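With the hints as extra help, turn the sequences into a complete structure.
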Amino acid sequence: MTTETTSAPPAAGSRTPARRRSEGSYTAHVGRPGFAWAVPATLFFLIFAIAPLVMVAVLSFMSWNGLGSPRFVGMDNWSRVLDDPVMIKSIWLTLLVTVLGVAIQTPLSILLGVWAAGQQRNRAVLSVIYFIPLLLSSTAVSVLWRALLDPNFGIPAQATWLFGDGNLFGKQASAIGVLAFVSTWQFTPFHTLIYQGAARAIPQVLYQAAEIDGAGRYRQFFHITLPQLRNSVVTSMILMIVGGLTTFETVLILTQGGPGTDTTISAYYMYQKAFKSFDFGAGAAIALVLVVAATIISLIVVRVSGYDKMRSSMEGL
Amino acid sequence: MRRRPNHLAGVGSVVWLFLVGLPLYVMLVATVQPQSEYTRNGPLSFPHSFTFDNYTGAFDSGFGQYFLNTVIVTACVVGLVLLLVPPLAYAIVRSRSRVTSQVFRLFLLGLAIPAQAVIVPMFYLISKAGLYDNLLGVILPTAAFCLPMSALILSGAMRDISPELFEAMAMDGATPRRMFFQLVVPLSGGGLSTIVVFSALQAWNGFLFPLVLTQSDSTKLVTLGLYNFQTEHGINIPGLLAAVVLSMVPVLLVYLFARRALVQGLMGVGGK
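Each protein sequence line maps, in turn, to chains A and B.
If you're matching positions, the first sequence starts at 1 in the numbering used here and goes up one per residue.
If you're matching positions, the second sequence starts at 318 in the numbering used here and goes up one per residue.
No wet-lab data here; the hints were simulated from the structure.
Keep in mind that this is a model prediction, so the values were computed, not measured.
Keep in mind that a hint or two might mislead.
To be verified - Subject to a maximum C-alpha distance of 35 angstroms in a straight line, what follows is the list of computed DSBU-like cross-link-like pairs (lysine-lysine): (1) Lys445(B) / Lys276(A); (2) Lys445(B) / Lys89(A); (3) Lys89(A) / Lys171(A); (4) Lys89(A) / Lys276(A); (5) Lys276(A) / Lys171(A).
Next comes the structure, spelled out in structure tokens:
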């Protein structure tokens, strides 16, 4: 945003009285597009995104098997879902996968992002390779790792000194480890880009001043870089949390929720309930739990960090 | 300023290079060797013979059709986004109507809706509309879920157009429609290319909507083809990985020729 000119473009909807006066009565409303310009997109969005979101709440009180018409059943889906031990387990697994994702990816992507924002000579070449996982779809990433980690024909079968019996998908701990590893592999480049952009936007003069004061690299990192990256940490963490809570393709393709139900996380369980057992009401109830959880957690992160009092969420991008 | 090399980050960057580079190398090497050789020698061995059979095999097992379907879906999603978002963003940036700022809030709220959350009612809607197992049934929800981020990106780009230009055109008696076509659209090229890349990526890489809204081979998309190939011929790893490589090629081409727009479009993807 340019602020040095006399008429910086103010954000829509936050026009100051002074601004309105300066435009005079002639131009204030001449040449302004009406609401009609927003109607097609809004209608489209209402039908294909907002209406389904409302319907998910309604359907959670209905019984529907995919054919015919849904029938109102009151709290039946809810009591079944909340009594279901697999569901309760799936919530804990979802939280575990999400927390693991945030705990592994945040420090890693901050380190890589700050490094990639620097001026090393090999950086440009390396960063081209670094970001390749970003180009792959979740499906491609999961299929690739499923093949590479195949118990019989994959890397673990060849490197038994590292992987033991080689069947990483046979035990809960290693299966969850695979899920955490694959999402780290896939999403760290994305978060690295966020931090790279933000780290580049930190004024160099802060580091110069710190250097004059004799602060070392680590003090500079903890006292300048990290505090300056605070907005990006919040942005990136919210994205990780929402992404973690809705992890689906990786589970479907890598573990199918197994062994047993040991990696059946909520989004996958919802898919199974709705589209495998044709219990769409229970599926809708689980979906609603996910939406509410993602919204609440994001709001908590925003509140705790004081992010809602700041404006620039995309700094440096 | 900081001239001392940062050893910790340096080591980390090399480790990451290995973690990213090794799987990609294994994938490429696997796709150019016969299945029997890969099965016998494992993924870490150096290939002894060279073949393109895995790539032709992918096309034989239907990937040609899947590519065509995906191109159709991607083109239609991009077309819908280009049709709907520029007027929306124009209204968000320039309209004085109070309703418009409420609309903008609605789209900001929409940023937080994950596709997983609405997949059950979406299935209901699409099947009631008679669009189940129809490419249009995938196109419509995919485009709808591109709207919030595209609106955010494009209205950001349009805000950078100087108000003086609008005022000058208003003095000349230009209508909103003329301002839109002669001023706003020509000056938002960067934003437009970002939303094109963003929505194309969403459509190309989309999985959940095609998974639950289509069924037959004639409407299969590439991502779904990969998933089916894996469940049905999981043992043919070189063939499977060749299909993975093929699915990446278009995105890689964009990466080579429009890196900036791609990275900006990717940043819009939001960790999906």
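Right, here's what the structure says about each hint:
The straight-line distance between the Cα atoms of Lys445(B) and Lys276(A) is roughly 19 angstroms, inside the 35 angstroms bound, and the hint therefore holds. Distance hint between Lys445(B) and Lys89(A) is fulfilled; the C-alpha atoms sit about 34 angstroms from each other, no more than 35 angstroms. Among the hinted pairs, Lys89(A) with Lys171(A) is consistent with the structure: their alpha-carbon atoms are about 16 angstroms apart, no more than 35 angstroms. With a CA separation close to 19 angstroms, the supplied pair Lys89(A) and Lys276(A) stays within the 35 angstroms bound.
Using a Cα cut-off of 35 angstroms, the hinted pair Lys276(A) and Lys171(A) holds, with the two alpha carbons roughly 24 angstroms apart.
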